[in-house]
Amino acid sequence: MLCILVIFCIMRFSPSLPPSSISLDSLDSAERWLEAETTARKSTKGWQDFTKRAHDFVEKLGLESPIACVTSGGTTAPLELNTVRFIDNFSTGSRGAVSAEYFLKLGYAVIFLHRRYSLTPFTNRCCPPGGWASTLDAWFDFNNTSTLPHSTPKLNPVFAQSICDVIQSYDKFRDRLLLLDFLTVEDYLVKLRWLCCLLNRSDLCRQGTLLFLAAAVSDFFISHDHLPRHKLHASLALKGGDNDNIQCDADGSLTIHLSPVPKVLGLISTKWATSTMVISFKLETDASLVLDRAKAALKRYQTHAVIANLLQTRKQEAWLIHKLDEGGGDGVLDLSSEHLTVTPSSSEELEEVLTRRVAHLHTTFLAFQKGTTC
33 MLCILVIFCI MRFSPSLPPS SISLDSLDSA ERWLEAETTA RKSTKGWQDF
83 TKRAHDFVEK LGLESPIACV TSGGTTAPLE LNTVRFIDNF STGSRGAVSA
133 EYFLKLGYAV IFLHRRYSLT PFTNRCCPPG GWASTLDAWF DFNNTSTLPH
183 STPKLNPVFA QSICDVIQSY DKFRDRLLLL DFLTVEDYLV KLRWLCCLLN
233 RSDLCRQGTL LFLAAAVSDF FISHDHLPRH KLHASLALKG GDNDNIQCDA
283 DGSLTIHLSP VPKVLGLIST KWATSTMVIS FKLETDASLV LDRAKAALKR
333 YQTHAVIANL LQTRKQEAWL IHKLDEGGGD GVLDLSSEHL TVTPSSSEEL
383 EEVLTRRVAH LHTTFLAFQK GTTC
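Note that the numbering used here gives residue 167 to position 135 of the sequence shown, counting from 1, and the numbers run on in steps of one.
Certain hints may be false.
Derived DSBU-like pairs (lysine-lysine); straight-line CA-CA distance at most 30 Å [stated by the list, open to error]:
id : residue 1 : residue 2
1  : Lys355    : Lys303
2  : Lys402    : Lys92
3  : Lys295    : Lys74
4  : Lys331    : Lys263
5  : Lys295    : Lys355
6  : Lys347    : Lys327
7  : Lys303    : Lys92
8  : Lys355    : Lys327
9  : Lys347    : Lys137
10 : Lys347    : Lys303
11 : Lys84     : Lys263
12 : Lys137    : Lys92
13 : Lys331    : Lys295
14 : Lys137    : Lys84
15 : Lys84     : Lys74
Quick caveat, the hints were computed from the structure, so don't treat them as lab data.
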């Protein structure tokens, strides 16, 4: 997993045990930690808006449509409460945004839980020829713009047509798409837990639910109750007390003790969303390890499927590892591994192939569920 450290000084990282107030070495302690984080947010307007919008969306659409919750983008791990510096997981959110579009086209209502300011469905396609790094020449047709004062520049015809296509697609699906955002890793996990419990309500979700966990989640963080309040300064030594996690040394270097982020995947399918099909992701850089690590993750966290890919070829190929047999059950001993690909010249996007196959597995999963409850 790629990480970016947004900080402008020399740093030395060293692992540490979690703070004594947060023991994250078990699922039970992770559950207690997240419950405390949820309680701390309940009185805030932001949390109340989040829960109301999500509940109203599911209540409106869940009786007649399957619901896909797609997570997307990277999480941050702040280094100060009044955050100036933070550790970031690199992710544009492209895979999640495009996948959400295809789930909509497959008939799902979509909750899109995304990193604030990352790519979102449909708007991610509002890109001029040449990409976002293009000059204004790619946006506008200056050759056909009058040189008279106060004349109005005209959009590049290709760009203008793509915008029209995006608007038409968005207008078709906008009532079936809910955008919710997160920023920090704690924010993400708390909101994900609440959404999982919402999707697990059989009185609201009658047509099935799935989780498509494409977000890039931080592996390490400092809990907010152990963060310094104000901006770190190289001249300020933060030693002792509640700031053992961060030390600014006299030579200007910075030592940070990071704790592991709780692994909550095991809680999703076993406790929070037991009736939901859960798909997680595994990104690797070593081709010799990608399948073994994806299979190990599926067995360890008990998700229903893992989508594995390599950093170098993530736009062209992926492996779908799952444990759903033809009857929809997940008790088979051997895992299935499907290699899904698209060619660079193909008009078909890899996300279209992935979501179509996931939707097929979801249909099988739901049929098995219905059979076991009859």
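message = When the structure is checked against the list of hints, which entries are broken? Sort them ascending.
response = 4, 10, 11
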